[in-house]
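Asks: Listed below are the residues making up each chain.
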Amino acid sequence: MPYKRTAQRFCCLLVCVIGLSGCAGLRGTGDLGVVIERASGSVQLIETTGRSSLAQISGLGDVSHASVVYSRDERYAYIFGRDGGLSKIDMLQGKLVKRIIQSGNSIGGAISQDGRLLAVSNYTPGGVKVFNADTLDLVADIPASYGKQGQRAKVIGLVDAPGQKFVFSLYEAGEIWVADFSHAAKPVMQKFRNVGKQPYDALITDDGRHYIAGLFGEDGLVMLDMWNLEQGVKRILSGYGRGRQKLPVYKMPHLEGWAMAGDYAFLPAVGQHEVLVVNRHNWKQQRRIKMHGQPVFVMARPDGRHVWVNFAFPRNDTIQVIDTQTMRIIKTLKPGKAVLHMEFTPRGEAVWVSLRDDNRVNVYDTGSFALQTSLPMKNPSGIFFTARAHRIGL
Amino acid sequence: MYNFLAVTLLLLIGTPCYALADVSLTRQAELHHLLKHDCGACHGMSLKGGLGPALTGDVLTGKSRLMLLSTILEGRPGTPMPPWKTFLSREEASWLVDVLLQGQTDAL
Numbered sequence: 007m008p009y010k011r012t013a014q015r016f017c018c019l020l021v022c023v024i025g026l027s028g029c030a031g032l033r034g035t036g037d038l039g040v041v042i043e044r045a046s047g048s049v050q051l052i053e054t055t056g057r058s059s060l061a062q063i064s065g066l067g068d069v070s071h072a073s074v075v076y077s078r079d080e081r082y083a084y085i086f087g088r089d090g091g092l093s094k095i096d097m098l099q100g101k102l103v104k105r106i107i108q109s110g111n112s113i114g115g116a117i118s119q120d121g122r123l124l125a126v127s128n129y130t131p132g133g134v135k136v137f138n139a140d141t142l143d144l145v146a147d148i149p150a151s152y153g154k155q156g157q158r159a160k161v162i163g164l165v166d167a168p169g170q171k172f173v174f175s176l177y178e179a180g181e182i183w184v185a186d187f188s189h190a191a192k193p194v195m196q197k198f199r200n201v202g203k204q205p206y207d208a209l210i211t212d213d214g215r216h217y218i219a220g221l222f223g224e225d226g227l228v229m230l231d232m233w234n235l236e237q238g239v240k241r242i243l244s245g246y247g248r249g250r251q252k253l254p255v256y257k258m259p260h261l262e263g264w265a266m267a268g269d270y271a272f273l274p275a276v277g278q279h280e281v282l283v284v285n286r287h288n289w290k291q292q293r294r295i296k297m298h299g300q301p302v303f304v305m306a307r308p309d310g311r312h313v314w315v316n317f318a319f320p321r322n323d324t325i326q327v328i329d330t331q332t333m334r335i336i337k338t339l340k341p342g343k344a345v346l347h348m349e350f351t352p353r354g355e356a357v358w359v360s361l362r363d364d365n366r367v368n369v370y371d372t373g374s375f376a377l378q379t380s381l382p383m384k385n386p387s388g389i390f391f392t393a394r395a396h397r398i399g400l
Numbered sequence: 019m020y021n022f023l024a025v026t027l028l029l030l031i032g033t034p035c036y037a038l039a040d041v042s043l044t045r046q047a048e049l050h051h052l053l054k055h056d057c058g059a060c061h062g063m064s065l066k067g068g069l070g071p072a073l074t075g076d077v078l079t080g081k082s083r084l085m086l087l088s089t090i091l092e093g094r095p096g097t098p099m100p101p102w103k104t105f106l107s108r109e110e111a112s113w114l115v116d117v118l119l120q121g122q123t124d125a126l
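Residue numbers (the numbering used here), protein chains in the order written: chain A, 7 to 400; chain B, 19 to 126.
Do not rely on the hints blindly, as some may be mistaken.
[Claimed, not checked] Restricting the straight-line Cα-Cα distance to at most 30 angstroms, the calculated cross-link-like pairs of lysine-lysine (DSS-like) are:
| id | chain 1 | residue 1 | chain 2 | residue 2 |
| --- | --- | --- | --- | --- |
| 1 | A | K384 | A | K104 |
| 2 | A | K104 | B | K103 |
| 3 | B | K103 | A | K340 |
[What the hints assert, rightly or not] Sample of chain A residues lacking proximity to chain B, with all beta carbon distances greater than 10 angstroms (derived):
| id | residue |
| --- | --- |
| 4 | E80 |
| 5 | S151 |
| 6 | D225 |
| 7 | W289 |
| 8 | D329 |
| 9 | E355 |
| 10 | A356 |
Don't read these hints as lab results, they were simulated from the structure. The beta-carbon is built from N, C-alpha and C at its ideal position, and this holds for glycine as well.
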């Protein structure tokens with residue numbers, strides 16, 4: 007009997023050793039990331055040092071609008087799928103660890119300041135669900151009920167904020183809610199009503215202080231100062247369209263990638279071929295920059311010197327780069343068909359660009375704009391690097 | 019309102035029932051792609067809904083062809099739905115309506 011037990015233990019040890027060496031020895035995760043393959047329910051696990059794909063992980067359901075957050079040790083990726091799926095992926099072993107279906111239709115998620123809680127924003131049924139990041143067990147359910155009949159609103163613009171908070175907006179209701187999880191699993195809620203018509207996406211500044219929601223139904227944005235919540239919401243950039251006819255919008259801009267560069271914030275103007283430049287001290291419009299099309303992602307290179315912009319259908323074959331010192335477009339790239347997303351390496355020497363309809367991800371040198379490599383991927387959309395683990399609001 | 023009536027009237031007069039064959043096979047493939055990925059940007063890739071409503075066969079059953087056609091071509095003022103007439107002919111929009119009503123999108 008004791009011999010058998012020892013033999014079992016030995017076998018166990020052997021499997022562990024083989025298992026680890028099978029993962030090409032020890033390595034860190036700081037240069038890893040995932041690329042969503044939106045139409046095939048899969049992701050590719052990539053590394054940005056050798057610029058290669060390490061593994062493909064499938065069986066993730068509908069990931070057509072999927073986004074990703076990382077555990078604080080950068081070991082695990084959490085993928086929020088369109089079909090309400092929440093998948094946990096081990097970045098070292100390149101495999102799916104756990105997957106649950108937590109709603110009928112979801113749009114994104116966030117991880118708490120301490121890394122213990124995951125929040126998911128849902129369209130159907132409208133609300134936020136919060137899970138234990140380790141086990142994916144449900145911790146809290148926050149229905150986005152509003153009005154006298156208690157209708158459920160779609161939840162958008164969910165972000166984490168310092169102090170173990172989650173902040174999100176209710177699309178139909180025009181409300182912003184703050185859920186504070188600092189004391190218990192049952193959050194303390196603060197609700198801001200009548201903030202504006204149809205908040206469609208939101209972001210929090212990289213210091214975690216200003217939560218800003220874009221309004222589709224109005225010519226402006228709304229801001230909540232997380233340091234002074236008692237002051238309530240404030241309108242900013244009201245009338246940035248200046249009454250001009252809004253162009254038809256074939257793809258909603260994303261605010262998550264909002265560029266904060268030095269004293270300025272760069273953001274997409276809804277329904278205009280423009281990027282707006284806003285002074286971060288007084289939140290007044292500084293200027294507007296004419297662009298090739300309607301901006302979707304407006305992303306600052308990590309050093310803030312350049313801002314990269316992609317565009318909505320039908321002008322989605324182009325990227326333009328703005329110099330933040332001169333506020334001029336210094337480069338126009340034509341990477342290929344349907345540029346969906348861009349992600350900078352942590353220190354910004356390269357940018358990865360997904361080309362949905364070309365089935366490729368291109369990697370560019372951000373100094374010379376030279377193409378470094380092009381990797382085959384199936385209908386790639388979002389690109390997410392592990393460095394996001396240590397950024398507020400991502 | 020008058021605009022909407024005028025458009026409806028125009029569509030009523032100008033739109034016979036198009037057979038699926040009126041749109042070439044190549045164009046049909048392009049329209050399928052458009053439906054899945056570009057309409058899908060708001061309505062979900064499998065058209066089960068996103069910020070925009072679901073467009074699955076069961077949801078659209080009983081909805082008028084004309085209303086769907088004018089929604090695609092002219093958009094819906096007051097909502098984010100844009101007009102697609104710049105990119106789609108009436109025949110092509112009509113073909114899309116058929117595809118949607120027949121629930122063929124469920125297989126997308």
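Asks: Next step is simple, just say for each hint if it's right about the structure.
Replies: Right, here's what the structure says about each hint:
1. A:K384 / A:K104: With Cα atoms ~23 angstroms apart, K384 of chain A and K104 of chain A stay inside 30 angstroms; holds.
2. A:K104 / B:K103: violated, 45 angstroms
3. B:K103 / A:K340: holds, 26 angstroms
4. E80: holds, 29 angstroms
5. S151: At roughly 19 angstroms from the nearest Cβ of chain B, S151 of chain A sits farther out than 10 angstroms, so the non-interface label holds.
6. D225: At about 14 angstroms from chain B, D225 of chain A clears the 10 angstroms cut-off, so the statement holds.
7. W289: The claim holds: W289 of chain A sits with its nearest Cβ about 25 angstroms from chain B, beyond 10 angstroms.
8. D329: About 30 angstroms separates D329 of chain A from the closest Cβ of chain B, which puts it past 10 angstroms; holds.
9. E355: holds, 31 angstroms
10. A356: A356 of chain A clear of chain B: closest Cβ-Cβ about 26 angstroms, beyond 10 angstroms.
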